[in-house]
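Engineer: Construct the entire structure; sequences and hints are all you get.
Chain by chain, the residues run as shown.
Protein chains: 4
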Amino acid sequence: MKLSIIGLGRMGYNMAIRLLEDGHEVFVYNRTSEKSETLKEYGAKVIYDLKTIKNVLSTPRVVWSMLPAGDITEKNIEILSEILDEEDIIIDGANTNYKDDIKRFNTLKNKGINYIDAGVSGGVWGLKEGYCTMVGGDEKIFEYIEPIIKSLAPNNGYMYCGSTGAGHYVKMIHNGIEYGLMEAYAEGFELLKASKYGENLNLSDISKMWNNGSVIRSWLLELLEIAFKDDSSLKDIQGYVEDSGEARWTVNEAIDNGVSVPIISASLFKRFQSRQKDVFSDKVVAALRNQFGGHALYK
Amino acid sequence: MKLSIIGLGRMGYNMAIRLLEDGHEVFVYNRTSEKSETLKEYGAKVIYDLKTIKNVLSTPRVVWSMLPAGDITEKNIEILSEILDEEDIIIDGANTNYKDDIKRFNTLKNKGINYIDAGVSGGVWGLKEGYCTMVGGDEKIFEYIEPIIKSLAPNNGYMYCGSTGAGHYVKMIHNGIEYGLMEAYAEGFELLKASKYGENLNLSDISKMWNNGSVIRSWLLELLEIAFKDDSSLKDIQGYVEDSGEARWTVNEAIDNGVSVPIISASLFKRFQSRQKDVFSDKVVAALRNQFGGHALYK
Amino acid sequence: MKLSIIGLGRMGYNMAIRLLEDGHEVFVYNRTSEKSETLKEYGAKVIYDLKTIKNVLSTPRVVWSMLPAGDITEKNIEILSEILDEEDIIIDGANTNYKDDIKRFNTLKNKGINYIDAGVSGGVWGLKEGYCTMVGGDEKIFEYIEPIIKSLAPNNGYMYCGSTGAGHYVKMIHNGIEYGLMEAYAEGFELLKASKYGENLNLSDISKMWNNGSVIRSWLLELLEIAFKDDSSLKDIQGYVEDSGEARWTVNEAIDNGVSVPIISASLFKRFQSRQKDVFSDKVVAALRNQFGGHALYK
Amino acid sequence: MKLSIIGLGRMGYNMAIRLLEDGHEVFVYNRTSEKSETLKEYGAKVIYDLKTIKNVLSTPRVVWSMLPAGDITEKNIEILSEILDEEDIIIDGANTNYKDDIKRFNTLKNKGINYIDAGVSGGVWGLKEGYCTMVGGDEKIFEYIEPIIKSLAPNNGYMYCGSTGAGHYVKMIHNGIEYGLMEAYAEGFELLKASKYGENLNLSDISKMWNNGSVIRSWLLELLEIAFKDDSSLKDIQGYVEDSGEARWTVNEAIDNGVSVPIISASLFKRFQSRQKDVFSDKVVAALRNQFGGHALYK
Chain A
1 MKLSIIGLGR MGYNMAIRLL EDGHEVFVYN RTSEKSETLK EYGAKVIYDL KTIKNVLSTP
61 RVVWSMLPAG DITEKNIEIL SEILDEEDII IDGANTNYKD DIKRFNTLKN KGINYIDAGV
121 SGGVWGLKEG YCTMVGGDEK IFEYIEPIIK SLAPNNGYMY CGSTGAGHYV KMIHNGIEYG
181 LMEAYAEGFE LLKASKYGEN LNLSDISKMW NNGSVIRSWL LELLEIAFKD DSSLKDIQGY
241 VEDSGEARWT VNEAIDNGVS VPIISASLFK RFQSRQKDVF SDKVVAALRN QFGGHALYK
Chain B
1 MKLSIIGLGR MGYNMAIRLL EDGHEVFVYN RTSEKSETLK EYGAKVIYDL KTIKNVLSTP
61 RVVWSMLPAG DITEKNIEIL SEILDEEDII IDGANTNYKD DIKRFNTLKN KGINYIDAGV
121 SGGVWGLKEG YCTMVGGDEK IFEYIEPIIK SLAPNNGYMY CGSTGAGHYV KMIHNGIEYG
181 LMEAYAEGFE LLKASKYGEN LNLSDISKMW NNGSVIRSWL LELLEIAFKD DSSLKDIQGY
241 VEDSGEARWT VNEAIDNGVS VPIISASLFK RFQSRQKDVF SDKVVAALRN QFGGHALYK
Chain C
1 MKLSIIGLGR MGYNMAIRLL EDGHEVFVYN RTSEKSETLK EYGAKVIYDL KTIKNVLSTP
61 RVVWSMLPAG DITEKNIEIL SEILDEEDII IDGANTNYKD DIKRFNTLKN KGINYIDAGV
121 SGGVWGLKEG YCTMVGGDEK IFEYIEPIIK SLAPNNGYMY CGSTGAGHYV KMIHNGIEYG
181 LMEAYAEGFE LLKASKYGEN LNLSDISKMW NNGSVIRSWL LELLEIAFKD DSSLKDIQGY
241 VEDSGEARWT VNEAIDNGVS VPIISASLFK RFQSRQKDVF SDKVVAALRN QFGGHALYK
Chain D
1 MKLSIIGLGR MGYNMAIRLL EDGHEVFVYN RTSEKSETLK EYGAKVIYDL KTIKNVLSTP
61 RVVWSMLPAG DITEKNIEIL SEILDEEDII IDGANTNYKD DIKRFNTLKN KGINYIDAGV
121 SGGVWGLKEG YCTMVGGDEK IFEYIEPIIK SLAPNNGYMY CGSTGAGHYV KMIHNGIEYG
181 LMEAYAEGFE LLKASKYGEN LNLSDISKMW NNGSVIRSWL LELLEIAFKD DSSLKDIQGY
241 VEDSGEARWT VNEAIDNGVS VPIISASLFK RFQSRQKDVF SDKVVAALRN QFGGHALYK
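Chains as they are written, first to last, in this note's numbering: chain A, 1 to 299; chain B, 1 to 299; chain C, 1 to 299; chain D, 1 to 299.
It does not matter which identical chain is meant; a pair holds if it fits inside one copy or across any two.
Below 30 Å or equal to it, Euclidean Cα-Cα: the simulated DSSO-like pairs (lysine-lysine) are:
(1) K51 to K75
(2) K99 to K2
(3) K208 to K99
(4) K150 to K229
(5) K150 to K196
(6) K103 to K196
(7) K196 to K109
(8) K229 to K299
(9) K111 to K196
If you are wondering where the hints come from, they were derived from the structure by calculation, not from laboratory data.
Structural biologist: In structure tokens form, the structure reads like this:
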């Protein structure tokens, strides 16, 4: 079908290709037009002014916003809402907080514009392997855009998750779990490396072996095979780990729902601490030990 | 090659079949002979008296002990060590603590008997998918028995991990990671279910979708698809979770090595608490809140 | 000085007495008048209609709201804001979220009414020992009401913490720490009781001893002495622990500020779980273990 | 009574003074004699050769070993056991593992020598405030040496805890709790400092206020008042925190007893991590995020 993709970052760019290869007619728009141009060879049509959308798409128009979550997406959807007509459809594929989806859905509903939230997983591998896609919103609208979702996703790799926000909610949980899984592997490998057997173990080989028949085999572990390949000591990588919001929301949600999430929260906190050079709480404990026990301070 | 398997539990029984199907000559021994008999149709030869091993196997004799770790295995290996000759090989496939491996290796070495520790993963699915196998001990002895390991494991699913204990050490870490992975999924699903979208979500469908293209796809998640299939509320299952020792040792090892393992330890502690009806620490906090704040007590 | 206290719960009632005993002229108001009546013998003057406040207090009028945080307090302050005049002062002594303080401060400022947030600690012991009080808002207004705070608090037991919200923020952190402290003691006593020495140890005696000269002596541990006094097995107390919000906010704040709080979050999650009969995440892990290892399920 | 103290470190030295001031006759021994000499002015008698103990003490001889736990204490007690006679009493006041106490007790029993384990808390403040002392061993022997314990401890600050090992076990739990308490305060102060109100808050003043009437007042918080006094940013202190073993044992014991200790373990792990410059598990997660999401690596 005809659709427009706004935002050609790591995700949006490859999603456009995947849709083009599956026969959709894709009008791409990006802040800077360079990336748009290179998509022409895949058959993309390029939009240089958002207002053009109104003319090039057939009604109900389908616009997929693939910008960074937060203010940028918010502003873009405001602009779109002024361009589009009643019945048109905006899909937000960013990692948006589900509460924002609900607000937006209501705002857009007042204008008669449809809103779909889509959580998209797959990262840089999505182009090749497909993007697992979790969709929330009005089920009829979902059915209308399903051909797009189907092209993006691998077989069985998408799902209508429920009313507005459900798509991003399920994606949020997905990412919360992801944090925990990564940390579980990371702890295991740290201990293995620190152990008496660690020096002689190639962690890429270990990952590969575990990926063949062990209980803990997974796609993440396959990626670890690759990550450890060149240098299983990772000596050139700094242990500085960013977080992109979903795990924070997962813990906030857990708190709101009275659900205990020791693993996901510990994984999040570990990342916070990975970015601190000078941990104040550790200073406090050091100072306190010095006070009561006369234990030496490191200065 | 010729070998004997002692212990035909869930693991040993299927391992025997896998070895038989790959052309090995397997002499099976079990405390009760019923299971041995049914293996005859796969071509197994049955031993009713351990001493027979000496006559039926060719030297160096290869005996695979697949009994529950701990006293039972310990005693069995003692008995075997009196039956076997110098150069013979005992392989322990149980989840033995690596420290016990080292003790045993030394004891057996004095008698000239070789000892190999093998960590075996794969559970009830191993028969079909192969057993991921981690081996420790003398490398030459590993090479000698490699054909057995190769038959047990899937392609690339085994590894020589290092000197005595290394096999069980790597398996211990594997299980520690497994505890963390399971808990990460479990937390995510608990929160999803408790959320406002939870009521209408089929967790088996969610698992299936995530297994197709998402970052968190894994074999464990495939098993969750099955586990949630009949009843995604799991209402007939009690949340009582046993632990079999390896995660305890993983945390102990982490402590000995000064390695921080918040995820694995939290996963282990969660299991402990799942088995408690009446958590004393919670009573203490309740009593304390009553003392300072006059907060109501539940009796 | 002259002031009115609205809300005579466990805290408000005793605070009124403490103020009366220190010579303040206190006009009390409560939803039901019974409690007000009994305060008369301490010298309190009773208000039966909030509007009376306007006449009985001298300007700038000082009204201390001591109602449950949340909607009840919110509504009460709205009502007060319609009764009071410019320059009058509302103090909220509830455990209000600091973000609500900031909103309220701005709303009231538009009407010229002053707003002070006061975090009050001390529980049922405050009457006798004084209430530790943390104050936020305009410093000049703080100075004006300081005589009240001084009467409520023990020597050195109050502080001006900064601009609006600071009082409740510091109180929130106080409570977050409190959760962690309680859980630390609780874990220690649970392990002590479960140990081989536990059966013969009287936990009240242990607490008392530790309170005399040990590093971990504290007021909470003194309360544990009392709590364990009659029955150190706490067999008549259910391990059901409520939480009143501040620790939730503490963890949320930590997330917003990228600060790692493993202890406070674990203490909060422990309370969540203490209230669950049937922990879904434990069911998930049990179901999963059954899938891969054939481990028995408890039904 | 007459006794000998072996080991005049931070603890032993002050304990000797406290005993001398309470009228005991104390024979001190230290590896280097300098410290012994300065104790002469408090009335100590100095021993330069351990064998002298036999002559200067009256039977049953009482010897208090106050050396670092582990090999040094072990060796010292071996030496003492060859010098002393049947009925004599060795007290170990170090932070010894209770399992070692049991081994030692049995070894010494074979020689007819009595062994008492004493857990001593109080740190550098013990001289002034008294040492909280937890005693294990034969109750009759405890009663015999009680006058010494009584002089060391503040009023009510000592306790006979049970059979051999009980004293050090209770001390171990005490220290485990201590780790949790310290971390709870540390987290709270870190968040307070990081918050929007943090810049203007003097943490020493906060501690002081909380120590007057708040629920979280404690001796540790009094020490924090002092620690924060000169510089509440602690900018000259490195957040490098040692651990001395008891919390490790506490977690190991918890694992052996199936008791969940999320707070104490998290506090211990936090210390481990405070000493790491380059956390391998963080590198693993960073590498993994780069693999699946193309997220930037810091090198």
